[in-house]
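Guided by the hints, dock chain R onto chain X, whose structure is given.
Going line by line, the protein sequences match chains X and R.
So in our numbering, the last one in the first sequence is 424, and the numbering has no gaps at all.
So in our numbering, the last one in the second sequence is 410, and the numbering has no gaps at all.
These aren't lab readings, by the way, just hints derived from the structure by calculation.
A few chain R positions that, by computed beta-carbon distances, are all more than 12 Å from chain X:
no., residue
1, P209
2, S214
3, R244
4, K393
Straight-line Cα separation of at most 30 Å, DSS-like style, residue types lysine-lysine; simulated pairs:
no., chain 1, residue 1, chain 2, residue 2
5, R, K376, R, K393
6, R, K393, R, K81
7, X, K292, X, K313
8, X, K292, X, K384
9, X, K313, R, K111
10, R, K111, X, K292
11, R, K81, R, K111
12, R, K111, X, K384
13, R, K393, X, K313
14, R, K111, R, K393
Ideal placement from N, C-alpha and C gives every residue a C-beta, glycine not left out.
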Amino acid sequence: MLTLQNRLRPNEAEVAAKVLDGEAIIINLSNGMYYSMDKVGGLLWEMIEGGHSLQEIIGAIVSRYDVSDKQAQADVERLAGELMQENLVVLSHLAPPPRQNENTQSEDRKPYESPMLNIYRDMGDLLALDPPMPTLQEIPWKEPTEGTPG
Amino acid sequence: MRILLWSESFWPIIGGAEVLLAQVALALRERNCAVIVVTPQAALDLPSETQYKGVPVYRFPFWMALADANIDQLMEVRQRVAKLKRAFAPDVVHMHIVGASAFFYFQTADVHRAPLLVTLHGPGPNKDLGHDTLVGQTLRRADWVTACSAALLAEARHLVPEIIPCSSVIHNGLDVPLLNPEPLPSDTPRLLCLGRLINDKGFDLALTAFASLRGRFPHARLVIAGDGAARPALEQQAAELGLNGLVHFAGWVAPDKVPALINTATVVVMPSRWEEPFGLVALEAALMARPIVATDVGGLPEVVVHQQTGLLVEKEDSGALAEAIAMLLEQPESAILMGQTARHRAQKLFSLERCVDAYVALYRKLVQEAAHADAAESPAPQ
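With the rest of the complex left out, here is chain X:
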């Protein structure tokens, strides 16, 4: 059972992840499963990587997004549970990061959408389906327009 004081960390032995433009792409390298999270989910992942507690993550979300403490807490607890279930994060016993200034609510908080962990369980099947390609030499009728303006 997770508590709000718990801190999580990426399961680095099995997981590769990156956040770009607020979107997190996560790969479980042990089974080739792909995941993504956008917006609030991207922030959550960055804060997990930064070693923050669930309580701190909730505070950061509430300070930046137009959402109640209660809703943010419910979403963070749900998402943390899903990430653990997928073995993407583990409980962290490392020392907490240096304490930063308390979150203050921005006056211009962004619209909130509950974060989702998007799971792509069929990626392996889809990649297996994509055919091994022939070489161009094996396409005898290759049309002459390739690479030329038509």
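Only chain R this time, still in chain X's reference frame:
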């Protein structure tokens, strides 16, 4: 309008969907749409930026980045796709053939928001289209889903009921070839199988059926055109059945040479054992006024009307296939009439113009709805 065609597969890869998509791209451009194609950079030396008859084609290493699970490469590809979407600023993204590359569509969906139209050209690799699958999420997030046949749409709606209110059938279409149909050769009847040489196409059943007809039609010949993994087995089967000299394996045929090839056939045979999503070869045959013997699977009964434009038989039944072929060879007047009926019906129901009209109408509807949604979301003027 600015249309981004996103396809898991595109020329020079050839299948029914790829042939259709290439024609749709050109037809959209003729209607003054700005069109680009985004497609995987396959594992061969195809250029990353090129043109198909004037339509810009951008190939990205989607499959390699995903298969390698290389997070840096994934990010780099994502950035390149995002840059292209920002620069092109499509009014609609029209995704054909949903596959692994859809992952990158989602990673760049917010870069430039545009309605998503998904066109299904075939069943996916599995029937599980749950919320935790890429194909399932793609269908659920689409603003509209079309399928190339009623059979395929029914299957998709069964698997993802959420799409029922925002989905429809748009049958594939083709232009009438410039070449006029030739009379059906009857003295030396020629049967034609055309398509990828894979088990799903059932060309082995055509060989078995043809062998059983050898005594009744000693002058008949069978042409199997196409290439694929099953070719060695089919060639061996033909030899074992004593059909050397009677069966010709023609190999790949360029799409623009297909009408001339079909013109040499008396009957076009499609013994598919898989659920053909549409069966573009049946349409190509119909446009050349050829009667068709096909299996009663998937979308084929929508293209081939039993006893009017051809004959439908149960799949995996080479005996029934042989009898249907024999009937058309023994009754040339019926065969001619069916071919002509097939051509008239194809021109009426399956023209490329009708198909593209339907897509363009849908683009307009989606753009309009997106504009209304944006207006509703905008804050009211003070």
